[in-house]
Amino acid sequence: MRIQYLENTEDRVRAAMQLLAETHHPDTKASGAASTWQSERSDSRSAARSRWFLAAASIAIVAGGLAAIAVVQPDDDSASTATAPEATTNGTILSTPTTTTALAPTTTVPVPNADLRFAEPLTPGTLATLDPAPSEPVAAFEVVEPTIAELRPGGIDSRSDVWMVSDDEWVGNFTVSDYAIPWQVATDGQTVTDVDGVEAVVIPILSTVALRLDTGGTRVISAADIDDLTESELIDAAVALAALIGVDPVGSDLASDRFVIPVGTIPQGPLVRYGVPVDGEGTDELVELSVLRLDRTPTDLELRWLAASLSDGNAPQPIDEVTLSAPLDGGRQTMVELITPLDVLTVVAPPTADLATLRDGLGFTSADRSGLTVEPFHPAAVTNVVAEGEHDWGRWQIGISDDGACRGVTSALWRTGELRPEVGSTSSCDVDVDAERVICSSTGTGRTLVVALGIDPEDLDVELDGRSIVQSVEPGTGAVATLLEVADDEANSIVVRIDGVVTACSPV
Amino acid sequence: MADGVKREQLVATFWASSAPTPMMDESTMIEEPRSDGSFGEFFAERFAELSRLAFLLTGSSAVADEIAQDACEQVLRRWNDVTHPRAYARMAVVNGARQFGRRRSRRPARAPVLEHTAAVDPDAVVVRQVLATIPQAEREVLVLRYYADLKVEDIGVELGIPVGTVKSHIHRGLSRMQKELS
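Line order of the protein sequences matches chains Y and F.
The first sequence begins at 2 in our numbering and counts up one residue at a time.
The second sequence begins at 2 in our numbering and counts up one residue at a time.
It should be emphasised that the hints constitute simulated quantities derived from the structure, not laboratory data.
A couple of the hints might just be wrong.
[Stated by the list, open to error] Among chain Y residues calculated to face chain F with C-beta under 8 Å, some are:
(1) GLU11
(2) ARG15
(3) ALA16
(4) MET18
(5) THR194
(6) GLY198
(7) GLY247
(8) GLY418
Heads up, the beta-carbon is just placed ideally off N, CA and C, and yes, glycines get one too.
This is chain Y alone, in the form it adopts within the complex:
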């Protein structure tokens, strides 16, 4: 089954955008000889800057004529340090500088270490640690699969992973998620088709197939970052998987040589992370150790697939019958070792780390005996959907939990016609802070969901940068909500008044 959905639209948009671009006529004098660099701007700042640039461009052009004298070609090292004009950050930096000895660079491969293998499964929560430690551990996390109670506030009723394999090699991962969003809302405006007798929407650009669940909800089957397949191959695979599993619960055996249920998923289990100084650079690389509890004893192939999934599909090389290593893109190394019938040790190490030395220092201990504080990744698991609503612009819901020490908030927003929600979450362990009354959740797509919990909808007034931009709000269950056409980082202030009193807007 192959569905041409938006491809014609893509062609038309591409052609139209080129035409549109050509309606703009750049100042060609600026791109011509530097001596005629445009100086027609009346704006003095622009004119002054243009003159500066004229001079600089002239120098550069002349220098270009003098080739090697004035224009120095950069070497690789200098190039790698150049930065773009404005940084965009989206990562989480957790490493802490240390002063301990770095792992020595080497090409030595690890050798089997019988001391690392046990006949019985490890006690749940067992940590893998290094002794001697290359540094104080940067962090230790309790990494677990989210429970359904945690998933539901994000709108998910169940979630499964499915591996795709080909010729006994791991290809990639698909996720199968059942969402609470009604089918009609999720697929509004989409082209509905049929997959093996089930109403479906096929979206090649997202490598996604959506199926209408018998409950009226929506099952979303999506490829997760599979790099080696084309878009058409990915969507064909997604459709094949949709036809295979339909709307039934995803079992442990798919009876397929193309799709299999993972023996385990990464990351899971406690993870310990060490920062390792990089010689001469003043920065840290990370060594990450985790013990993964499997659902069943893996076959040789399943262990290989697990190793491949850890290395993003790079081919694992066997070290012995239960140990494999593989490179990660970017140079880091991974190692997977079956240490008990149900436990796998996973290691991610810097490019220069000596895996053999590192492995010799490995040990296993309980969190209590390790002296480490193992933090749960989410200090306050969200367990309750406290408010929800459905309007012509989409569906939203808010989940809040409060265990007396910490409070977690999750918002989920489905815009009409969107299969998956935009989700925000936050948590606070400051018990002195009052519970949220108004929640502002930026969707990341130029909109902000504003939800006021437990109040009369007539009394909510929202102002953006001093302007009243919302005339009314729409009632849901347990709250009222509105959707602002602005991202929160584009506004100086979002003010919410309840009964004329300004109320803090808690960002989520």
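Chain Y is fixed; fit chain F onto it per the hints.
For chain F alone, coordinates are given in the frame of chain Y:
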């Protein structure tokens, strides 16, 4: 914000946290390294392209040249260090367009208004109208995909956003385009 599946967030946090920040490391840039040409040659070859990119991102001919010029200035200042000047300048244009958008967002009119086009092609008119009303992030992705002709993975690298987010923006934008084009 990402999809609501925490495990993907964990994956991103744990396995990719020490990866270079997108846009900060020029080695992540996609274009072919520069040739041995001079800055003047680069400027002559690329200024119009950059200005048109700025025009599509802002909808304003009046500021497009200025943004492109700013970008070229930044390339010139780092000419000895930049190995991918085209990609570098492109991101400088994106950043310049963002700043323009922020300034305009302070004005009463909420939606960006394209100030000039003589396009008579009906599809181009629709594209212009849709670009004028969609969020900045969505606009950037669509323009980089269909004008600059970057792959989705490369857009993710240059903008510093996950590939899944790029695809979502494309899908959302195309769906809107399709609705208007039909």
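Going through the earlier hints one by one, which of them does the structure break, listed in rising order? Checked against the structure, the hints that fail are numbers 5, 6 and 7, while the rest are satisfied.
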